[in-house]
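Here are the chains, one letter per residue:
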Amino acid sequence: MFDLTLTPEQIEMRDTLHDFAQQEMKAAAIHPDRLQPFEKPVMSDLLAKAAQLGIRTLSLSEASGGSGSDTLTTCMLIEELAVGEVDVATILGTTAVLGHTLFDRLMSEAQKAKYVSAFAGDDDYHLAFAGVTRETHLGWNYYEDAYEDDVSVPTAEKKGNDWVLNGRIEAVSNAPLAKLFAVQVRTDPQSKGLEGLSTFLIARDHPGLIVEKTIGAFGGEQNSMTRWHHGTAAPITLKNCQLSASDVLGVVGQCPLASGALLQRLSVVNAAVALGVGRASYDAAVDYAKMRRQGGRNIMEHQAIGTKIADCTIKLELSRNMVWKAAWSLDHPEAISDRSLSTLPLAVIARVSTAQAVHEVTLLAAECFGAMGVMRDMPLQKYVNDGFIIAHSDDTDGAAKLLIAESVAGFER
Amino acid sequence: MFDLTLTPEQIEMRDTLHDFAQQEMKAAAIHPDRLQPFEKPVMSDLLAKAAQLGIRTLSLSEASGGSGSDTLTTCMLIEELAVGEVDVATILGTTAVLGHTLFDRLMSEAQKAKYVSAFAGDDDYHLAFAGVTRETHLGWNYYEDAYEDDVSVPTAEKKGNDWVLNGRIEAVSNAPLAKLFAVQVRTDPQSKGLEGLSTFLIARDHPGLIVEKTIGAFGGEQNSMTRWHHGTAAPITLKNCQLSASDVLGVVGQCPLASGALLQRLSVVNAAVALGVGRASYDAAVDYAKMRRQGGRNIMEHQAIGTKIADCTIKLELSRNMVWKAAWSLDHPEAISDRSLSTLPLAVIARVSTAQAVHEVTLLAAECFGAMGVMRDMPLQKYVNDGFIIAHSDDTDGAAKLLIAESVAGFER
Amino acid sequence: MDFSLNEEQRHWQQEARKFADEVLRPQSLERDQLEGGFEPWDWEIIEAGSKLGFRTLAVPKEWGGPGADFVTQAIVMAELAKGDSAMSKAFSQNWKWSHLMSKSCTEDQKERFLKPFLANHRYVMGRGITEPNSGSDNRMPPENDPKAGYRVRSVKEGNEWVLNGSKCFIANGSVGSLFFVDTRSNPEVNIKQGGTLIMVPKGTPGFRIGKVFNKRGWRFYQNAELIFEDCRVPDANVVGKPGTGSVKAGKGDTTGGDIFGDLELAANALGVCDEATTMGTQYARTHQRAGRSLMDHQLIQLKVHEMHMLTEALRSFVLRTAWQHDAGEHSANAGFVMNYSTDIIQRVTQMNLQIHGVEGRMANARADKLVRDAMVWTHLAGDTVQRVKILKRLK
Amino acid sequence: MDFSLNEEQRHWQQEARKFADEVLRPQSLERDQLEGGFEPWDWEIIEAGSKLGFRTLAVPKEWGGPGADFVTQAIVMAELAKGDSAMSKAFSQNWKWSHLMSKSCTEDQKERFLKPFLANHRYVMGRGITEPNSGSDNRMPPENDPKAGYRVRSVKEGNEWVLNGSKCFIANGSVGSLFFVDTRSNPEVNIKQGGTLIMVPKGTPGFRIGKVFNKRGWRFYQNAELIFEDCRVPDANVVGKPGTGSVKAGKGDTTGGDIFGDLELAANALGVCDEATTMGTQYARTHQRAGRSLMDHQLIQLKVHEMHMLTEALRSFVLRTAWQHDAGEHSANAGFVMNYSTDIIQRVTQMNLQIHGVEGRMANARADKLVRDAMVWTHLAGDTVQRVKILKRLK
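In order, the protein sequence lines correspond to chains A, B, C and D. So that you can map any letter, position 41 of the first sequence is 41 in the numbering used here, and since no number is skipped, the others follow by simple counting. So that you can map any letter, position 397 of the second sequence is 397 in the numbering used here, and since no number is skipped, the others follow by simple counting. So that you can map any letter, position 240 of the third sequence is 240 in the numbering used here, and since no number is skipped, the others follow by simple counting. So that you can map any letter, position 291 of the fourth sequence is 291 in the numbering used here, and since no number is skipped, the others follow by simple counting.
Treat each hint with caution, since some may be false.
[What the hints assert, rightly or not] In silico DMTMM-like pairs for lysine to aspartate or glutamate, Cα to Cα no more than 20 Å straight-line:
#1 D:Lys395 / C:Asp343
#2 A:Lys112 / A:Asp123
#3 D:Lys389 / A:Asp123
#4 C:Lys392 / D:Asp296
#5 A:Lys26 / A:Glu9
[What the hints assert, rightly or not] Here are the in silico distance ranges between beta carbons for each label pair:
#6 B:Glu212 / C:Gly64: 36 to 46 Å
#7 C:Trp43 / B:Glu144: 38 to 48 Å
#8 B:Glu39 / C:Pro205: 38 to 48 Å
#9 B:Ser44 / C:Gly36: 43 to 53 Å
Keep in mind that the hints were calculated from the coordinates and are not lab data. Even glycine gets a Cβ: it sits at the ideal position worked out from N, Cα and C.
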C-alpha cells in the first residue's frame, strides 16, 4: 500500500543529524579560514563525530554490529550530513554503502570474521573500492558494444597458491583514509576489458599496497588540472603485493562489483549528498533574502527573488522524491516485478536529475547573493563549486542520459 | 512506513484504463478527421464509455454509490485516460473530484438525498463549479494583500425565504454537460471581494439558469481570441433565478469552495491529466524514433534523439512522483503533522512543475518528428498545443510559483 | 565599421513596412483561421506584393529585377514577417530560386523561365527535395548509407529525362509555376554524385500535385506533394550538369552556408520576434493584473526585457550575416544564425503568449499564431542535423 | 552597412592579440592559483601592457592618448580577455574613468589627474559606489525609499569636503592612485539629488584601504574596501556640481546606457567566449572518448555547435553596439548586450568544461577558471535590477 509515512525512528535520526549538521558541522565548514584556502583537508574531527553517531556503519547489518538501515534511511541521513559538509558526507556515505556491500553481501564467512569486528568497532575505519565498472563508458557507447580498450587495471600473477599484484589505480575514493581496500585486478592476462578480472581484499598495512599522495587542489603538468570530486581520493600502487587465494572476494575470474549493480546504492547515496549541497545553498539564500534589503524592501519580497526561491524549492522537492524512490526500489525489487514501479533505471534517473537540479539550485542561490556570491570567505562560492563538480562529473554528464534512453528503447548489449 | 507498493486492485484498474485508452480512445482521438478541424467537440461516446468504467464516480464514497477511491488512485487512472484523450479526462476528473467534494463533504443530508441517486446512476450526469477562489490573483499579489476588486460575481437578493439570483459567470468548466451546478453568488451586497459570498446548488433545468454557447475554437472581437482550456466550458447566466434557503451549500455568507482548499484535489487531478498528455506525446516519439531511419540508422540510435527521449523520461518520472505525493498528502494530513511530509504547498508544486515538464516533453517529442510534428493530420501538433495550454494558464504561469515562495518565507496574509 | 542603411535599403524597408502594416497584418489572422491546407492562400496578396516588387526582389538588375543586395533582402523579409511570417516566406521563397537561376542557369533557361517569372505576378517557384523517407538525409548524406536521400528517379531517354516518384512538403507546391526537382539519376551512388537537378514547369505531362499539407503554423504558406509519373522533361531543363548533386548544381555553397536560404529563415524570424516583442510590450503597458499595471510586476518586466534583448541580439546577428554575404566573406554564420533564430523565435513568441495570459479561458489568437508559426523553425532551421552539419564549415 | 575594421582598428586588434598570446595567457593560470585576494595581482603585467597603450587607450588624442573609438575599445577588450579576462578588465577599468574625465572634468582637474595618469605606467583608477548595504539601490534608486543608496557622507567645510564612511568591492581598490567616490552630501533626499562625486587620490589623509576581497573568479582583478575617516578633499575635486547625483555628474548617460561600462563587460565576455570556444573545439578535435574522437559524438557536436553559435551572436551584438556608441545613436543596446553577455558567458564556459570532462577525478584548471571568471557577470552585468532598469531606456 502506497504510504509516505516515515517511522518515528527515521524522523528522530534525521533530527539528530540535522542538528549535528547545523550546530557542529556548519560553523567549522564555512568558516572563512577554511573557505579561503584552495586546499581543503578532510575535517577529521567532524568525520569522527559523525562516525560516532553511527553513520559509518549505518547500512551494515545489525548482526555485524551496524544499524542495518535500508538505503532510503541512509540517503535521508547522508543528505542531512551533506548540508553540513560535503566531503565528510561523501566519505561516510561511501564507507556505509561499501560496509553493507562487502560485509553483508560479498565476503566469505572467513573474510568477514577476519575484518568485521575491526570495522564495526573502529570509528576511523573506512573502506575503499578500487576498480572500474561496466558503466564507465556506457553512455558514450550508446547503441554500440561497450568500449573497454582503455580499461587498464593492475595485473595479478599466480605464484603457487598466492597471487602477486602489480600496477596502479588512479584516484581511488576514500583511499587516503581506508583501512581495507577491495581492488580489481586482471588475473587472466589473456582477457581484455572487464573480462578476466578478480577482486582482492587488501588491508591498508599489507606490504606492497602503497597509497600515494592525496589528490589536492591542483595537479598535472604546470598545475593544469584541478581537484574535481568530493570526499577524498588518492592513487594507489601495488608493488609485488602478495596475496593468498583466501583474499579473493568471491571467485577468481568473476568480479561482483564490476557489473555496477551492487554499486547503484553508492550512486543513489551520492545523489543524496548532492541534495545536501543543494539544500545548504538554498537555506543560505532563503536566510539572506529575508534579511537583505534593497529597493525599499527585503529582497525576498521581490518577485524575481521569490521566483528563484520557488524554483529551488521545486527542484529540491522533485529531486528528493526521486532519490528516495530510487533508494527504496533498490531494497524492494519485488515492487518492480509486481509493477508497482517501472523497469526504468531509477538510480540513473535519480543521480542524473539530482545532479542537474542541484547545480541549478546552487547557481540560483548565488544569484540571490549578488557580489557576496563570489567572495571566497563566504559559503556560496563553495556551494557553487560543489554544484559544478556534481553536475559535470563522469557519471552525471550528458552521456549518462543515454543509459536511460537505451532502457526506454529496450536495447540490450 | 515508506512504501511505494501499489495494491493489486490499483494495478488492475490502471491496466484496464490503459487498455481502454490505447485501444478505444486513441484511434478516435487522433484520427485525422478529428485532428484537422479547429473545432473539437467533446467525444461523447468515449465520455460515456469511460463513465461506464466507473471513472465519473471514482472518488464518490462507496456509501453514495461511487468507488470511494483516494486521490492517488484517481490521479493514476485519470492519467491513463488523458493519454487517450485530454478533454474526456478533464471532464471526468472534474466531475469525479466535485462528486467527492460536494456529496461527501459539503452537502446536507437533505441535499444529498435530493441529488445523489441521480448522480450515481446516470452516466451522463456531470458537475460544475462556477465561482472564483482566493487563489485567482494570489501569486500576482506576492507579499501584498490579495487583490479582489475585480472579483465580480452574480448577486442574490433575498425575497422572503427565497433568493433571486442574477448575473453572469464566464467560462464555467463542464457547464455544457453539467446537470448540477454549485454557483457562488454575492448574498451580502455591502461586502466586497470574496466576503459575503454564498454557494447555491442549481440543477441544470432550474428556471433562470441559462447555459450559454460552449466556448469554441475562436471568439472575441474579430475572432481575436482562441480557446485555451481542456474539457469543455461555457458561460452561464442567471436571470431571476429563484432558489430557496435549502439550496444553499453550507451556510449563507460562508463559501466553502472559495478558500480553494477543497479544490486542491482538482488541481492535482488536472496535473495528472497533464501527465497523460505528456505521456501520449512521449509514447508517440519513442515509437517514431524506433521506426524512422535517417543517417543510416534508426533515429533512436542517434545520441541527440536519445538525449531528448531520456530528458522526457526524466521529466515524466519526476512529475509523476510529485503528483502522486501531492495526491497522497491530500488524503493524509497526519503525515504532515507527524513531519513525514513537509509543510510546503505540495499541490501547487505538483501542478506548476508538471505543467512545465509536460510542456517541455511535448516540445521535445515534436522535435523527434521533424516536419511531421507540425502537420495537422498528425497527433504531435495537437499534443504540443495541449502542452502550451497546460503551461500557460492562469494557475500555471510564473505567478503561481510565488505562492510557493510565500510558503517558504512563512508569509501569511 | 558602419551599421547604417543606405538610401536604397531604407527605401525598401519603408515600402515593406507599409505593405505589412496596410495589407499583411490586417489579413493575417483571418487567413490563419481558415480551415484546410490550401484555403489560407490568397493570390491577391501575392499579386499586390508582386506589384511592389516583393516577389522578384532578388532578380538581378540586368534581368530587369530590383537586384536588391542581401542586407536589403534580410530587411524586407523581416518587415514583411512582422505582418505575417508565412506571407513573407511566400514572397522570399521565390528569391531563393532567383538566386539559383542567376547563378546556375543557362541563358536559354533564363529566357524560358526567368522572363515569364518577371512578367507574371502569379508566377511563383519552389524546389522539391524532401521525400517521405528522406529529410535529414538530403541535408547531410550519411557516409555509411550511400543509398540514403531522395529517390525520385530520373532516367535519360534521348534528349529527355523521365521522372518517377514523389516529393512531399514542397514549398509553393500547390501554387507554383516552376519547380527545381532533385532527382536521382544514379541510385547506386550517394546523392552528391547521383543527384541531378531538373526544372519542371507546371503543366508538364506526368507531373501533378498530390496532397496539400495542412499545417499548425505558417498556414498561408503552401506545402504540397509533387507526383511524377513518367514525367518527361527536356534535357535542356537540367540545372548544371547531370550527376553533380543538387547543392553543387545550384552553386549554393560559395560562402560557407546556403548563401540565401539560411539567412532567409533567420531574417523572417527576426520579423516575428519584432512583432511579438511589440505586442508583448504594448500589452504589458496597457493592461493590469491584480490592480497594478502588468509592467509594474517584475515577472513581466523580466519577460519584456528578455524579449527585447534576444530580438536585438538576433537583429545584430542577421544584419552582420547579410553583410558578410554581400561582402563575399567566408563564414559559417548563415547556418549559425539560422539555428540561433530557431531558439530565439520560440522563446520570444512564448514569452509574448505568457504576457498576454488567459482571459475567460481564451488566449490572444495572434499571440498563439506567432507561437505556431515559430514551431516551423524547429524542423526547418534548427534540428540536430542542421546544427551538426554546420560544424563542417568551421575552419 | 559595413562590418569591416579600418586600419587603425585592425592594428590595435593585432597588438592586443599578440600581447594576450605572449604575455597574458602564459601567466593567467599561475596568477589565478595564488592564494589570497591581493596576491594574484602583478604590476609588471600592467606596466608591460601600459607601454603598449592598453592602460590609456581611451584617453583622447588631444590629451596625448591613443583616442581609440568604441569599436576599437571593444575589440581590444575582447582580445585581451582571451588571454585573461581579469587582466583585460584591469586595463579597461581605467578607460571608464578616462571617458569620465574627458567628459566631465575641468581643465584643472585634467591637469592634476589625467596628466599623471598618462605619465605613470602604474597609475590606475577606480570608482567607489558600492557599500555594504547599497548595491542594487545605487543602480536603481527605489522610489519608495529615498534614503536608500550609498551613505558615505560628505560635508562641506570651507573649501574642503570631509568624507566619512566606507565603500566595498571597489575595483582597483588595493592598487589605485585615484578614486571617483560617490558620496552623500544630502542624506535626506535620494541619491539623484543628494549625491556628489568627488575625486580622492591615494595618500589623502584620512583615506585608507581596508579589506582586499578574495574572489572565486577574476582573481587577478582587485576589489577592496575604501575607508574614509574625516578624509579632507579640496572642493576643486568635485566632479560636476555637488548634489547632481553621480550618473549625471559623470555624464555617463548620453546614448541610452552607461556609454562605456555596459559595453565593457559585454566585450570582455566576448573574449572569454572566444577562448572557451577555441579550447573546447580544440579539445574535441584532439581527444577520444570510448574509442572515438569526441568530435564524432553528437553530444559533443551539439555543444561545440552551440558555443560557436552563441559566441558569434554575441560578437555581432557587441560590434553593433560599439558602432552605435561611436555613431551616437540612442539605444538601450548597451544594457541589453551586457545582460546578454551574462547569459552567454555562463553557458559557453560551462560547455567548455563539459567537453573537457573529468580525468582521474580532476578537471582542466583553465576550463574551470573560465567558468569562475564568468560567474562574476551574474551580479555585475545581469542581475534583476540590471535587467529591469534597462526597460526605462526603451522608447
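* Asked: Does the Cβ distance between Trp43 (chain C) and Glu144 (chain B) fall inside 38 to 48 Å?
  -> 55 Å Cβ-Cβ, so the 38 to 48 Å window is violated.
* Mind checking the hinted window 36 to 46 Å against the Cβ distance between Glu212 (chain B) and Gly64 (chain C)? => The hint (36 to 46 Å, Cβ to Cβ) is violated, given that Glu212 (chain B) and Gly64 (chain C) are roughly 59 Å apart.
* Do the alpha carbons of Lys112 (chain A) and Asp123 (chain A) lie within 20 Å of each other, as the hint requires? -> Holds: Lys112 (chain A) and Asp123 (chain A) sit about 18 Å apart, inside 20 Å.
* Ser44 (chain B) and Gly36 (chain C), beta-carbon distance inside 43 to 53 Å? -> Check failed, 26 Å falls outside 43 to 53 Å.
* Asked: Is Lys26 (chain A) within 20 Å of Glu9 (chain A), Cα to Cα?
  -> violated, 24 Å
* Taking only the CA atoms, is the gap from Lys392 (chain C) to Asp296 (chain D) under or equal to 20 Å? -> holds, 12 Å
* Asked: Would the pair Lys395 (chain D) and Asp343 (chain C) pass a check requiring their Cα atoms to be no farther apart than 20 Å?
  -> violated, 26 Å
* Would you mind confirming whether the straight-line C-alpha gap from Lys389 (chain D) to Asp123 (chain A) stays at or under 20 Å? => Cα-Cα ~56 Å, so violated.
* To do: Hint says 38 to 48 Å; check whether the CB-CB distance for Glu39 (chain B) and Pro205 (chain C) agrees.
  => holds, 41 Å
Hints 1, 3, 5, 6, 7, 9 from the list above are not met by this structure, while the remaining hints are.
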